[in-house]
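Protein sequence lines, in the order shown, are assigned to chains A and B. Start counting at 1 in the first sequence, then tack on 62, and there's your number in this note's numbering. Start counting at 1 in the second sequence, then tack on 313, and there's your number in this note's numbering.
Please note: incorrect hints may appear among the correct ones.
Covered stretches of chain A (in silico footprint by chain B; criterion: 3 or more residues with CB under 8 Å from a CB of chain B, positions within the stretch not fixed) [stated by the list, open to error]:
| # | segment |
| --- | --- |
| 1 | 79-92 |
| 2 | 227-241 |
| 3 | 502-515 |
| 4 | 529-543 |
Bear in mind the hints are in silico, worked out from the structure with no lab data behind them. The model shown is predicted, which means the values in this text are computed figures rather than measured ones. Here a beta-carbon is modelled for each residue, glycine too, at the ideal position from N, C-alpha and C.
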Amino acid sequence: MSREALRVAVVGRDADLWLTASVLGRALGSTGVRVIAIEMPSRVPAGHVTATLPPIEALHEKLKIEEASLLRTTRGSFSFGQNVVAPGRQAFFHAWGAYGASIDGNPFFQCWLRAVRSGLSVPLQGFCPSAIAATNGRMLLPDDATVAFGRTDYGYHLNTLAYLALLKSLSAAAGVVLHRTSRITVQRGADGDIAALLLDDSTAIKADLFVDATRESSLLASEALEVPRTSWQAHFPADRALSSAAPAFTAIPPFAEIRITPLGLAVLHPTQSATGVVFAFSSRQMSDEVAAEQASRSSGAALRDVAFSSLKPGVLTRCWERNCIAVGAAACSVDPVHDVEMHVLQLGIVHLLSLFPVSGHFDAERLEYNRLMRSHYDRLRDFQIAFYHCAPFSGDFWAQHPTLDASEALADRIAIYKARALIAPMENESFSSESWEAVLLGLGVVPEGWSPAINAISWQRLNDEFGRMLQFVRAKVLEQPMHGAYLDSLCASGA
Amino acid sequence: MNEGVQPAPRIMRIVILGGGTAGWMTAAGLRRQLKPEHYSITLIESDEIGTVGVGEATLPHIKLFNDALGLNEAEFMRATHATFKLGIQFRDWGQPGESYMHPFGAFGEPWRGVEFQHQWLKAGLMGADPGPLQDYSYAIAAARGNAFEFPNGDPKSIRSTYAYAYHFDAGLYASHLRAWALPRGVARIEGQVLQVKRHPQGGEINALLLKSGELVTGDLFVDCSGFRSLLLGQTLGVGWEDWNQWLSCDRALAVPSRRVEPMTPYTRATACEAGWCWRIPLQHRTGNGYVFSSRFTDEETARRTVLAGLDAEPLAEPRLLKFLPGRRRIAWSQNCVAIGLASGFLEPLESTSIFLVQAAVADLIRLLPDPGCPATDSRLAKEFNRLNELQYERVRDFLVLHYFANARHGQPLWDYARAMQIPDSLQHKLDLFRSRAALPSYQYGLFSRDSWLSVLMGQGVKPRAYERLADTLTESALTERLQSLRQRIAANAARMSPHSDFVAGYCESRHLAQESAT
C-alpha cells in the first residue's frame, strides 16, 4: 500500500513542544511523515527544574539520549522518589521502586502488615532498597540481584532550559522543520478542520494534523475548536504556584522532597547546580508576597528567579478533536505535588505515536485516543485526589479535605484498600499499587485487614524472609556509591 | 514478632453448595490457602443431582491452579483421562470449508518494536507472498501435525512460544479434586437442600435445611449449584442479565463417541446451521456436542446434525442441556457468593468456564472476610463483583466476535449475527483493527493480543493498513526474516512426537493401559 504523505504541525512551547516534536520526528520521520515545529515564546523561568518519572527512559531511548550526557548537559541529578516531610509527623518516602519482595506469591505489603500487627518495628520503606539508599544519599544501581528483588526505578531532576535546548537540537537533527512566532491565527477549512496556522509574518503553515502543545492556553483545542474542559479545581486545595531556584545542596539528595506547611506545600528538586523550589498554595489564603516568604522559609534558603502561575487542574473532554491532538498541559493540567506533569505529556505522545494515522481516515484512532487518554488522566487525578483527601496535616491549606466524588472508582479503591490492603487493579494506571500503598500508609491510612491467605504463611517463613530481605537491603545499600560522587564520575566521563 | 499477641481467631464457616467442577475447585482452592483453624469448609452435594460434566476443554491457566494444589500432572491426567490441548480449530466460521486455529501461542516475533501482524501485512501488500498468518505459529504447526511436547524455557527458542491446556472429563476432575480435598479437612455432606433459612431482618442466609433433616449452618455460602442458582438466584433473587441478543444459542446436545486416531492435540469447533459442534478428544473417548439456538432449529434436527458430524460410533444417546447466555447482575450478594454456572453462563466456544471458576476462587480468597467479621462487607462484595463483571464481559465480547464476523450468508442464525448491534466495547476494538491492525491492549482479563489476532484474522476481519513503523523495515530483510521464521517453525515442529504416543508414555489412563495389554 502506498502511503499518503502526512504533514503534522506541532505548535506550542517548552517541553510540550520540543519533546513532542523530537519524538514524532525521530519515530515517524523515516515513514513519510513531515513534522513541523512552531515555537512560541518560552514561559520557563530561569531557575526552573523539570522532574521526571521513571518511564521517561523509554522516550529518551527513542531519542538516543544517553544518561551521562543528559545529566552533564543539564547539570541534572537522579531521583528515586519523594520524601514527604511534615511537622510533628514521621517523614515517609514514596519510592518509584519496589517495596519488599512477594513471599510465596503473596503481596509483600500484606505480609508486612501482618508482621507489624504482631510487633515488627521496621517501617515499610525499610524493605525498599531504593528508598534506603536514597535517604542515605546513595545511588541504587541495578544488578541481577536487585532486579530479582524488585524494581529500583528512578527519574531525573533536570535544569529545564538546558533540557529544552537539548530536545530542540534533537528535533532539528530528526528533520523537524522549525518556525517561530509570537502569535498564531487558526484558519479553519470548509469542513471545520484546522487548515492552517498563520504566523507573525503571515506565513501559513498547512498540515494534515495539528498538535496543540501550547500548554495551559490550549490555543487550538480549547480556543479555536472550543473543546470543553472539565475542571478538577474543586478537588485540589492549591490554585497558585510559585516556581523558583535555591542554591544547590552540598550533598545532592537523590530524591525530591515535599515539605508540608500549614499554608501549602513546597516541592524541592535538587540538581547539581541549583535546587528547584515549587510552592503550591491557595490564593484565597495567601498573597504572592507571603507565599514567597513561606517558600523561602520552607526551603531554608534565599530564592531567586521567583515566578508565579495559576493552577487550573482539569482535562479536555476530548483530547483529539477533528484533526487536532492536544498533548501535555493543553490536554490535562495536574497538581504539582507528585511530579507528574512530564508524565502527562509522555502519555499523550506515546499514545499519539501508537495511534498515529495510517491514512486520511482516523475516526477509530480519534475515538480510541480520547477513550484512553481520559482513562489515563482520570487515574492520575484519582491518585492526586487520594493524597489530598487522606492528608492528615494541620493548617488552613489542609482544612478542606477534598471529597472523593470525582469518580466512583476512587471511593471504592480507598474503601477496599482500608478493608483488605489491596489496590483494586485498574486499566491505564500510571502509579503502581506499591506507590498507592506507600502514600496512603505514609499519610496514616492503615488497612484493617489483609487476605486470609497471608495468615496461612508460617511465622518461621515470614521471619526468615523478612530477615533475608533486610540483610539484602543493608548489604546492597552499602555497596552503592554516594549520589554526588557518582554524578561527578558520570559527568566527567567522556566530557 | 510472635504469634502470642494475636487474639484467638473465631472460625468462619464456609458452606459450598454443589459438588461439580465449580464446587470442588472452590473447596480445594480455599482449603489450600486458608488455615483450618480459621475457616471450616463444608461441601454439600447430591449424587441424585447430575452435574453437567461433559468432556471439558480448558485454558492454560488451569496448570497454575493444579500446581498450586501440588497436583502431579501425570497422575491428574491419568485420573481424568486427559489429553493435551494446544488450541482450538475453528471450521467453517468464515466461508464454509475454511478453517483456522486459535493457538495458545504467539504469532511470529516483534521486530524493532513492530508487532508481527504489521510485518506480515506489509510483506503481503508488497507482493512478497508471505503465506498464511497461521504458518507463523509454532503451536499451530504442532497441532496440525497432531504432535506434542512440553514448551522449553529458553525465551530465544521458537519452542518456548506457546503454552498448553488439557481436555479432560470434568466429572473425573471434580472427583480428583474431591480426593485431594477430603483428607485435607474439607467436610462433605451428601444431601439435597429442602429449605434455605434466612435471617428474618437482614435476609442473609443462616443455614441450609437438608431433606435428611440435617441443618447446615454457616457464615458464608458459596453457591455452586449450577444453572439453578439456588442460593443467589432463587433465594436472594439476584436478577439475570440476558445476553441472548448477542449469543443466541440456548441448548446443547452432548454425545460421546469412540476414540479415533490420530488423537488431536486441539479442540474443534465446527460452525453449523444453527450453532456449532464441539469435538474434544479424551483418552478413552471423544466428547462431542452441538450448541444450538432453539430459535433457529428444533431438537430433532439438532440430534441428526450432531450424530451426522461424528467421526466414530456414538457411545450413548445425545443428552440435552438447556441454558441461557448471560450472568447474574452480581455474584456476591449478602453472605452468598456464586461461582460457576450459578453466577453466569457463556457457551464453551473458547473453553472459558473453568477459567471463570478459577478466577472467581482467586478473587474470593483475596477478598474473603476475616473470621468473626461479617461476610456481608459490601466493600469486599463490590470489588468482587467488579472483577467478576470484567471477566465475564471480556469473554462475552470475544465470543460475540466469532458470531458477528462470519461469512455464512443465507443461514438465519448467521445472517442475524452479522446484522446485530454489538457491544461498544467490542465495536471499538473491531474498528481499530480494521483501521490499522491494532490489537486490543488491556491488562486484566482474557484474552491475549495473539488470541485476538488469531480470531480477528481467522474470522476474516481485514485490516486496511498496518503501522507506519513497519515502513522502516526494508523489504529484503523482511522477506528473509519471514522465510527463516517459517523454516524454523516447520523444522522444529517436524521433530515433535505424535500426541497419542506422548500421552501414552506420560499419563496413559490405567484402564486403557490394561486394555491395550490384554
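Comparing the hints with the structure gives:
With a threshold of 8 Å between beta carbons, the proposed coverage of the segment 79-92 of chain A by chain B holds, since 3 of its residues qualify and at least three are required. Counting residues of the segment 227-241 of chain A whose beta carbon lies closer than 8 Å to any beta carbon of chain B gives 0, which falls below the threshold of three, so the coverage claim is violated. With 4 residues having a beta carbon nearer than 8 Å to a beta carbon of chain B, the segment 502-515 of chain A meets the requirement of three or more and the stated coverage holds. For the segment 529-543 of chain A, the stated coverage by chain B is not satisfied: 0 residues place a CB nearer than 8 Å to a CB of that chain, which falls below the threshold of 3.
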